[in-house]
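J.: Sequence:
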Amino acid sequence: MATQNVTITKASSVVPWIGRFLITTLEPLFAVGGVVLCLTKPGDYLSSLTRETVTSIDPLTKFVYTELGGGWLVIIFAEAVIMRAVDDIRVWRLLCAAILLSDILYTHSLAEAVGGWASWAAVKDWTAMDWVATATTWPFMLIRVAIVSGLWGGGGGGQKAKTR
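Numbering (the working numbering), first residue to last: 35 to 198.
Treat the hints as calculated values from the structure; they're not laboratory data. Just so it is clear, the structure is predicted and the values come from calculations on it, not from any experiment. Beta carbons are placed, not taken as given, at the ideal position from N, Cα and C, and that holds for glycine. Please note that a few of the clues may not be correct.
Between beta-carbon pairs, the in silico distance windows are [stated by the list, open to error]:
hint: 1; residue 1: S47; residue 2: F111; range: 39 to 47 Å
hint: 2; residue 1: S153; residue 2: T95; range: 21 to 29 Å
hint: 3; residue 1: V88; residue 2: A155; range: 42 to 50 Å
hint: 4; residue 1: F55; residue 2: T95; range: 30 to 38 Å
Please model the entire structure based on the sequences and the hints provided.
T.: In structure tokens, the structure reads:
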């Protein structure tokens with residue numbers, strides 16, 4: 035069987051330290067908190083997103099919050115385990131693209147929770163939880179956009195390793 039050399043651009047050489055720390059350490063910790071909240075107090079989770087207009091859930095819909103927590107666990111695993119184990123910008127780019135798909139719907143759900151994008155965009159009406167949701171979402175999304183777009187790691191100018 036013939037072997038071929040593949041050049042790998044190390045994510046650790048092209049993604050700044052702060053970006054790597056934020057998406058492989060800090061965001062997974064925040065997400066674990068979200069999973070615990072969804073599994074143990076789904077009403078509180080819902081209340082925090084809806085500016086307290088919805089304060090309880092129908093017990094028959096609790097499974098949806100379990101499902102949401104499961105989806106977040108996949109993201110946590112990808113960021114905290116896979117992205118640490120595989121130092122290849124191509125793999126990081128693919129994982130970040132997949133997580134961005136989730137981010138798009140999550141941020142849209144934040145707007146839906148308060149009555150739509152016009153309501154969400156009225157920053158003067160934001161609650162403390164709106165600020166928390168923004169601070170725990172947008173910086174990480176922007177890092178993923180930088181990775182997926184090639185802004186970080188696009189030039190391939192980092193340290194390379196040859197593998198077979």
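J.: Each hint needs a verdict: does it hold in this structure or not?
T.: Here's how the hints hold up against the structure:
Distance hint for S47 and F111: a CB-CB separation of about 24 Å, inconsistent with the stated range 39 to 47 Å. The beta-carbon spacing between S153 and T95, approximately 23 Å, falls within the hinted interval of 21 to 29 Å. V88 and A155 have their C-beta atoms about 20 Å apart, which leaves the hinted 42 to 50 Å range violated. For F55 and T95, the hinted distance range of 30 to 38 Å is satisfied, since their beta carbons lie about 36 Å from each other.
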